[in-house]
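The task is simple: from the sequences and hints, build the whole structure.
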Amino acid sequence: MPPRDAVMVADAPARDPRAAGVPKIELVGASKTFYVRGQEVTALQPVDLTVGDQEFVALVGPSGCGKSTTLNLVAGLLRPSRGEVLYDGVPVTALNRRVGYITQKDTLLPWRTAAANIGVALELQSRAVPRAEAQERVAQLIDLVGLRGFENHYPAELSGGMRKRVALARTLIYEPECLLMDEPFGALDAQLKLLMQDQLQQLVHQRRMTVLFVTHDLGEAIALADRVIVFSARPGRIRAVRDVALPRPRDVFKMRFTEGFGRLHEELWDELKDEVAKGVDV
Amino acid sequence: MTRAAVSAETADGPTAGAAGLAESARAVLIGQVVVGVLFLGVWEVAGRQFGHDWTSLPSLIAVRLATWLIGDLWLHALTTATEMLVGLALGGSAGVVVGLVLGRSPVIATVLRPIIVALYSVPLITMAPLLILWFGLDLEPKIVLVTIVVFFLVFFNTFAGVAAIDGDLIASFQLLGGNRREEFQKVVAPASMVWILSGLKIALPYALAAATTGELLAARRGLGSLLAQAAHQFDMTGVYAALLVLMAMGILVSEVANRLERRLLRWRRAAA
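Here the protein sequences come in this chain order: P and E. Its first residue numbered 1, the first sequence is counted upward by one per residue in the working numbering. Its first residue numbered 1, the second sequence is counted upward by one per residue in the working numbering.
The hints are simulated quantities; they were obtained by calculation from the structure and are not laboratory data. The beta carbon of each residue, even a glycine, is placed where N, CA and C say it ideally should be. Certain hints may be false.
Unchecked claim - A few chain E positions that, by computed beta-carbon distances, are all more than 12 Å from chain P:
no., residue
1, 22
2, 73
3, 178
4, 221
5, 257
6, 258
7, 266
Stated by the list, open to error - Result set (SDA-like, lysine to any residue): computed pairs, CA atoms no more than 20 Å apart in a straight line:
no., chain 1, residue 1, chain 2, residue 2
8, E, 186, P, 153
9, E, 186, P, 95
10, E, 186, P, 124
11, P, 105, E, 166
12, E, 186, P, 235
13, E, 186, P, 126
14, E, 186, P, 156
15, E, 186, P, 274
16, P, 105, E, 167
17, E, 186, P, 40
18, E, 186, P, 123
19, E, 186, P, 129
20, E, 186, P, 135
21, E, 186, P, 271
22, P, 105, E, 259
23, E, 186, P, 110
24, E, 186, P, 130
25, E, 186, P, 163
26, P, 105, E, 168
27, E, 186, P, 116
28, E, 186, P, 113
29, E, 186, P, 174
30, P, 105, P, 156
31, E, 186, P, 106
32, E, 186, P, 204
33, E, 186, P, 112
As structure tokens, this is what we get:
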């Protein structure tokens with residue numbers, strides 16, 4: 001692993017004073033229903049959710065509970081069936097390009113090498129930078145996600161965990177102010193997962209990012225988030241909300257053994273376990 | 001004995017497998033040459049024995065080919081190749097562009113579907129007489145015919161390729177900040193490349209067939225006209241020689257296509 005601060009940009013964007021009072025992300029009674037062969041399927045029951053500027057919020061819940069739908073709403077990939085989704089106080093009516101979205105599904109371009117995938121955003125008109133700078137930033141990101149030596153591999157030649165890291169780097173490279181992450185570390189082995197969590201925590205702090213983070217892993221949610229939201233089984237709604245009052249910076253490697261972490265984990269698991277059981281029944 | 005000696009020499013290195021492979025490839029090649037020589041020998045002997053008015057003889061064909069090679073065979077081959085290549089370039093690029101655009105515009109595609117299907121239902125080669133009436137005896141009608149044939153094959157493949165693109169790939173690219181032009185350049189076109197190339201590959205032999213069919217009907221130059229002239233004069237040796245040249249051209253064309261495909265789809269081989 002390279003030194004932690006390999007990519008720590010010194011010029012993190014100054015905090016927008018306008019946004020001080022306005023939450024970054026706000027869902028007001030937002031729900032989503034789909035029609036599958038004429039049948040109405042509720043993916044998300046009306047949800048109220050507020051994510052403050054530079055807040056780290058984790059969503060946990062059983063499979064199919066609408067966590068990914070929530071992220072899709074914020075990214076502007078879906079419109080709410082009812083209610084409203086606001087970003088910086090403005091309704092999301094088109095693709096929300098101010099967020100970086102790391103989807104659960106692999107959406108790397110298979111004909112591009114790892115390095116070319118990571119650099120793709122910087123080739124685009126809307127985010128263009130000089131070629132030399134782009135190359136330098138790609139190299140930094142490759143170091144950050146620990147993929148040195150795999151720059152010229154195609155996605156098909158990489159493991160699932162490596163592809164996830166390429167996807168992460170591809171998003172981080174354009175320095176979005178807000179990250180939507182859908183089980184980004186689910187495919188990683190336990191050690192790598194901890195390392196990545198640690199790096200993410202640092203990076204989020206350095207770049208003052210807002211994060212909405214979906215995970216199955218309750219421990220991961222508590223370790224990273226300022227607030228953990230437990231979703232119920234399908235159709236999804238919010239079942240419990242807990243603030244994580246543990247001090248920052250956190251030691252993701254050791255904090256699991258502290259008393260505060262254990263208590264919170266137990267409390268949230270009590271909320272989650274019934275829902276997980278329900279989710280399995282479906 | 002030789003085999004034992006060869007394996008003894010190479011068995012101790014990592015190249016032993018490769019050497020074995022090369023050896024068996026050589027054995028196959030020798031076998032193929034033997035079969036070919038036998039075939040030609042039987043043809044020659046049987047022809048001399050029982051008469052060769054309908055079947056010609058390998059020796060006569062070889063002499064004819066040599067005469068042509070010294071003469072104006074190149075001119076004919078060049079004519080056919082020009083018709084093919086120009087038609088491929090025109091029809092191929094039109095097919096790709098229309099396929100990509102219609103593939104991303106489902107409404108227009110639905111509107112145009114019956115027209116396209118109706119046009120494609122005409123056996124395209126049979127348009128040759130019409131095109132000859134329109135464009136005369138030289139290269140133009142053949143180029144147009146090749147263009148039409150290639151266009152449809154490439155268009156249908158490209159269209160299917162665009163339809164097969166994963167929508168999430170495009171959505172995530174749009175979120176990265178790509179505009180519509182960049183989406184075409186960096187996602188839609190490369191994602192359809194497998195289909196486009198397979199369309200072109202299928203189109204290549206059809207392009208050769210279309211060019212020579214046009215020439216068979218009416219032409220002053222080209223391998224098809226060479227064939228037609230020979231046939232009109234009951235010159236069997238000329239017919240076989242012309243067919244041999246066409247075969248060589250067909251092999252060349254598909255070999256080029258294979259190489260191109262391997263080069264352009266490197267990322268795909270990586271998956272295997």
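For each hint, the structure was consulted:
1. 22: Holds, because the least Cβ-Cβ distance between residue 22 of chain E and chain P comes to about 28 Å, which exceeds 12 Å.
2. 73: 41 Å, holds
3. 178: 5 Å, violated
4. 221: Consistent with the label, residue 221 of chain E stays out of reach of chain P, its closest Cβ about 42 Å off (over 12 Å).
5. 257: 19 Å, holds
6. 258: Residue 258 of chain E is indeed farther than 12 Å from all Cβ atoms of chain P, at 19 Å.
7. 266: 8 Å, violated
8. E:186 x P:153: This hinted pair holds, its Cα atoms lying about 18 Å apart.
9. E:186 x P:95: At roughly 19 Å apart (the allowed maximum being 20 Å), residue 95 of chain P and residue 186 of chain E satisfy the hint.
10. E:186 x P:124: 10 Å, holds
11. P:105 x E:166: Holds, at roughly 11 Å.
12. E:186 x P:235: 37 Å, violated
13. E:186 x P:126: Cα-Cα ~14 Å, so holds.
14. E:186 x P:156: The given pair, whose Cα atoms are some 18 Å apart, holds under the 20 Å limit.
15. E:186 x P:274: 46 Å, violated
16. P:105 x E:167: Within the cut-off at roughly 12 Å; holds.
17. E:186 x P:40: 36 Å, violated
18. E:186 x P:123: 10 Å, holds
19. E:186 x P:129: Judged against 20 Å, a Cα distance of about 17 Å means the pair holds.
20. E:186 x P:135: This hinted pair holds, its Cα atoms lying about 18 Å apart.
21. E:186 x P:271: Violated, because 45 Å separates the two Cα atoms, which is more than 20 Å.
22. P:105 x E:259: With Cα atoms ~33 Å apart, residue 105 of chain P and residue 259 of chain E exceed 20 Å; violated.
23. E:186 x P:110: 11 Å, holds
24. E:186 x P:130: The given pair, whose Cα atoms are some 19 Å apart, holds under the 20 Å limit.
25. E:186 x P:163: At roughly 19 Å apart (the allowed maximum being 20 Å), residue 163 of chain P and residue 186 of chain E satisfy the hint.
26. P:105 x E:168: 8 Å, holds
27. E:186 x P:116: 11 Å, holds
28. E:186 x P:113: 13 Å, holds
29. E:186 x P:174: 18 Å, holds
30. P:105 x P:156: 14 Å, holds
31. E:186 x P:106: Within the cut-off at roughly 17 Å; holds.
32. E:186 x P:204: The given pair, whose Cα atoms are some 29 Å apart, is violated under the 20 Å limit.
33. E:186 x P:112: 10 Å, holds
In summary, the numbered hints that this structure violates are 3, 7, 12, 15, 17, 21, 22, 32.
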